[in-house]
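Number of protein chains: 2
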Amino acid sequence: MTHLTQLRKYSAELVDLHHTLALMQWDQEVRMPRRAAEGRAGQFATLSGLVHRREVAPELGALLAEVEASKEGLSVEDLALVRVMRRQYDQNTKLPEEFVSEFSRLASQAQMSWLEAREQSDFAIFQPLLERLVIMARQQAEYLGYADHPYDALLDLYEEGLTTAQVEKMFVELQAPLVAMVKKFAGRLTPLSFGEPFSPAGQEQFAQHLLVAMGFDFSRGCLARSAHPFTTTLGHHDRRITNRYAPKSLDFIFGALHEGGHALYEQGIAERLAHSHLDDGVSLGIHESQSRFWENVVGRGRPFWQRFFPELQQSFPAQFAQTDIDDFVRGINAVTPGLIRVDADELTYNLHVLIRFEIEKALIEGSLEVAALTRVWRDKYRQYLGVEVESDADGVLQDIHWSHGSFGYFPTYTIGNLAAAQIWEAYRQYDPEFSQTIGTGNLEKVQAWLGREIHTHGSVYLPQELLKRVTGAPLSAQPFLAYLEEKFTALVA
Amino acid sequence: MTHLTQLRKYSAELVDLHHTLALMQWDQEVRMPRRAAEGRAGQFATLSGLVHRREVAPELGALLAEVEASKEGLSVEDLALVRVMRRQYDQNTKLPEEFVSEFSRLASQAQMSWLEAREQSDFAIFQPLLERLVIMARQQAEYLGYADHPYDALLDLYEEGLTTAQVEKMFVELQAPLVAMVKKFAGRLTPLSFGEPFSPAGQEQFAQHLLVAMGFDFSRGCLARSAHPFTTTLGHHDRRITNRYAPKSLDFIFGALHEGGHALYEQGIAERLAHSHLDDGVSLGIHESQSRFWENVVGRGRPFWQRFFPELQQSFPAQFAQTDIDDFVRGINAVTPGLIRVDADELTYNLHVLIRFEIEKALIEGSLEVAALTRVWRDKYRQYLGVEVESDADGVLQDIHWSHGSFGYFPTYTIGNLAAAQIWEAYRQYDPEFSQTIGTGNLEKVQAWLGREIHTHGSVYLPQELLKRVTGAPLSAQPFLAYLEEKFTALVA
Chain A
5 MTHLTQLRKY SAELVDLHHT LALMQWDQEV RMPRRAAEGR AGQFATLSGL VHRREVAPEL
65 GALLAEVEAS KEGLSVEDLA LVRVMRRQYD QNTKLPEEFV SEFSRLASQA QMSWLEAREQ
125 SDFAIFQPLL ERLVIMARQQ AEYLGYADHP YDALLDLYEE GLTTAQVEKM FVELQAPLVA
185 MVKKFAGRLT PLSFGEPFSP AGQEQFAQHL LVAMGFDFSR GCLARSAHPF TTTLGHHDRR
245 ITNRYAPKSL DFIFGALHEG GHALYEQGIA ERLAHSHLDD GVSLGIHESQ SRFWENVVGR
305 GRPFWQRFFP ELQQSFPAQF AQTDIDDFVR GINAVTPGLI RVDADELTYN LHVLIRFEIE
365 KALIEGSLEV AALTRVWRDK YRQYLGVEVE SDADGVLQDI HWSHGSFGYF PTYTIGNLAA
425 AQIWEAYRQY DPEFSQTIGT GNLEKVQAWL GREIHTHGSV YLPQELLKRV TGAPLSAQPF
485 LAYLEEKFTA LVA
Chain B
5 MTHLTQLRKY SAELVDLHHT LALMQWDQEV RMPRRAAEGR AGQFATLSGL VHRREVAPEL
65 GALLAEVEAS KEGLSVEDLA LVRVMRRQYD QNTKLPEEFV SEFSRLASQA QMSWLEAREQ
125 SDFAIFQPLL ERLVIMARQQ AEYLGYADHP YDALLDLYEE GLTTAQVEKM FVELQAPLVA
185 MVKKFAGRLT PLSFGEPFSP AGQEQFAQHL LVAMGFDFSR GCLARSAHPF TTTLGHHDRR
245 ITNRYAPKSL DFIFGALHEG GHALYEQGIA ERLAHSHLDD GVSLGIHESQ SRFWENVVGR
305 GRPFWQRFFP ELQQSFPAQF AQTDIDDFVR GINAVTPGLI RVDADELTYN LHVLIRFEIE
365 KALIEGSLEV AALTRVWRDK YRQYLGVEVE SDADGVLQDI HWSHGSFGYF PTYTIGNLAA
425 AQIWEAYRQY DPEFSQTIGT GNLEKVQAWL GREIHTHGSV YLPQELLKRV TGAPLSAQPF
485 LAYLEEKFTA LVA
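Chains as they are written, first to last, in our numbering: chain A, 5 to 497; chain B, 5 to 497.
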């Protein structure tokens, strides 16, 4: 066996084991009986430990070095495989095993403490844990290494190559125009509200219908229910999503479109990348661009509802028989500055992310104490969004990320939003009849283009490289701002 | 760490990994998308390989030897742990790795060939594969070793300590009385038939209701749908069952009771045995005794339906509003010699097993050629059951077992039937008011006794030892024959 063949085999084995871990998590969210939780955590720890030992094995390091030593003649894909495996090997081996297990122990504790703190809406409960998590995250950045700013090391974990300076520049471009647009459009579109509840079975059926229309392949995936919607990959031909069905909310639609967008990305990866580290979306930002593309750019647009609103009315006459399509489209785009990130509209969403970015950066560089967090949170929400934070639960405790020890994750949401608009611009150049295409329900055309341009490549190209291939330009805030301006101007007209 | 502590830790890790493998199989039957099958097989192979290497590791052998060298003072349970782990270690290490993987490759091929043969009802398609499987099973027996008969080695795989001589003696006691009873009772009870289909949702709800009544704990298990009902364990607090819902059959009831019986055994294992090799039913025969106890002894008895028939009528008025409870109980016990084992009534079932036992024994000792199987099958069905085999599909190709390479499994079904009746006899001594107990739906009392006497012990006692503790006697055919005689005499009265 050549070294390359051995490396491919090593990759396939690790991918198999990671898919097995993903199955354990899927089952935990979707089916596992209540009292099995502790046992499952133990099983997960056992298998993770085994996988980790394979991932940091000197054997793998030696194999990588051998392949790297004779790269000439390797295909683009083999080079990418080496790149991705090298990156993960370095990340895994730079962190001492003792540190990793301490961090993961602390995170388990922190999650329980966060849950309790949020329930009691009392940040003081979570504060000591968060202080320790921040110290460990700084330590993590030191282990991983960085050129300019320790936060760079953490950003890079979620979005390869992303730096603090880039994120700062992105928000400089975004902040003022967003604040101006929020001022201009807030309160001018009437939100929807419902007297009658939507039946869960009806919601599920409609979600399924939209997924089929988008091109989700049910022979290679499935839709289940869970407390929080998510997408996961259990195998090349096994990409699954979940959704949830609240009685009086349209989340079932946008949840399905969002997770469907993630899943289409995964289902679209070329078969020749199966069973390797390349059989995966390339970064969180690019992944989010696909979910946001379907959820917001397509799914909150008028053409989409031109096609699907009559069916929505038919499925839920009690809620929609008397509703006009334009009122509906205005309602699902209502701009209302609020306290909760996950409920935010397209205009305010990235201001929520900006606040988290500024706080994370300051925590990691040490210019902000955890003790000052509630005050800073309140101040920033007042300043950027004009809203008053009245409780810790709806303020600093609303997101789970920090309790996982994840710092540097939030900016990928904004990258996703910007990339979605930039990709949309490229799509419109390819298909100037886009309104007609979507309005007649020819979503296959959209999906085929995304598949060709983005999905099929899996992790072969770096995120920024991929975006440039698709759109001809590096990531920029301008297409997103132009998209918002055009869309909301039309909606309030 | 003492050697014993190390051994316990080793056991816990292996148990975690086996539960993970069980999750992969559960998901495959219950949820996995169609096209994921090949990928899942690869994942399963990857993890099985890893587990196998841990199971045959010389490190484990050394640890076992250390603990065995200083057994004095060990508790009954620790001794049992050593016994069970030693048995599995020996089984695993006696078979060369090359042999195991060749056998499993052959079995995969054989399953596909068996499916095709059954579909075309043509034994000739399967014959060459079966010939090779028999040769490998004989080889397996040689590797494993035996005292008297090579078939002993295979029986022991499924029922620790079981020998060919014991099975022969069992069938000698059974055969003539069974044949006589079949003659006496066949055709005297009218089977049920249904014009209206049962709705799948209604069937599932009723099955769930029965499971709750039996004592199945839904916080430590769940019920799903699959093509073939089964029970599986994914953790100490995670024992799951499946059922299926055909339109015009009562299989949903007896499937639920059968799988429920298996699951109650598993759910009843003492918590202190959790996370070890003892956290498991002790053998296939004892396991089957629990499923048959609920399915047949309880579930086809009049007292059970005294309690549940009114509810069945209420749930399915179209099918049962006009049915008398006695006709119903007679109907579910109708005796009809037939061709298919899994459809057989209590009187004929073990004759189907006898035929398979005689054939397996002859194949393994080499006194029967695979080529003669269809003829021998036809002759035995004519002789023992008085029925004419008209196709291979409904004859020699009806069971999946041989295509898995499993020889020696069938007799455990009969052991289960006999043990169930013997346990029932013991229960009746403990609770002479048993008819009243069950007739008023006090199934907790039955379940509590089974739990105390059998379930809680997991794999601590050897199967035959356990049965003797519970019933005061070794396994015998007499209680079963007495149970049948009493039951069917009453039914035809």
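Among these hints, one or two may not hold up.
[Said to hold, decoys possible] Here are the in silico distance ranges between beta carbons for each label pair:
(1) A:Q113 x B:P204: 41 to 47 Å
(2) A:E101 x B:P204: 48 to 54 Å
(3) A:S108 x B:G149: 43 to 49 Å
(4) B:E120 x A:A477: 54 to 60 Å
(5) A:Q32 x B:E275: 50 to 56 Å
(6) B:G165 x A:E102: 43 to 49 Å
(7) B:Q32 x A:E70: 54 to 60 Å
(8) A:A325 x B:S125: 51 to 57 Å
(9) A:S52 x B:T9: 45 to 51 Å
(10) B:I329 x A:P321: 43 to 49 Å
(11) A:Q113 x B:I329: 35 to 41 Å
(12) B:G149 x A:E120: 32 to 38 Å
(13) A:S52 x B:A69: 26 to 32 Å
Calculated from the structure, these hints are not laboratory results.
Quick caveat, the model's predicted, so the values are computed rather than measured.
Every residue gets a Cβ at the ideal spot worked out from N, C-alpha and C, and that includes glycine.
These are the hints, each one checked on the structure:
1. A C-beta distance of roughly 45 Å is found between Q113 (chain A) and P204 (chain B), which places it inside the suggested range of 41 to 47 Å.
2. Checked against the hint of 48 to 54 Å, the C-beta distance between E101 (chain A) and P204 (chain B) comes to roughly 50 Å, which is consistent with it.
3. In this structure the supplied range 43 to 49 Å holds for S108 (chain A) paired with G149 (chain B), their Cβ-Cβ distance being about 46 Å.
4. A C-beta distance of roughly 56 Å is found between E120 (chain B) and A477 (chain A), which places it inside the suggested range of 54 to 60 Å.
5. Separated by about 21 Å at the C-beta atoms, Q32 (chain A) and E275 (chain B) break the suggested range of 50 to 56 Å.
6. Between G165 (chain B) and E102 (chain A) the CB atoms are about 47 Å apart, so this pair conforms to the stated range of 43 to 49 Å.
7. A C-beta distance of roughly 37 Å is found between Q32 (chain B) and E70 (chain A), which places it outside the suggested range of 54 to 60 Å.
8. Taking 51 to 57 Å as the suggested C-beta distance range, the pair A325 (chain A) and S125 (chain B) conforms, at roughly 56 Å.
9. At roughly 22 Å, the beta carbons of S52 (chain A) and T9 (chain B) sit outside the given window of 45 to 51 Å.
10. Under the hint 43 to 49 Å, the C-beta atoms of I329 (chain B) and P321 (chain A), about 45 Å apart, fit the expected range.
11. Restraint check, Q113 (chain A) to I329 (chain B): a C-beta distance of roughly 58 Å breaks the suggested window 35 to 41 Å.
12. In this structure the supplied range 32 to 38 Å is violated for G149 (chain B) paired with E120 (chain A), their Cβ-Cβ distance being about 58 Å.
13. At about 30 Å, the CB distance of S52 (chain A) to A69 (chain B) agrees with the hint of 26 to 32 Å.
When each numbered hint is compared with the structure, violations occur for hints 5, 7, 9, 11 and 12.
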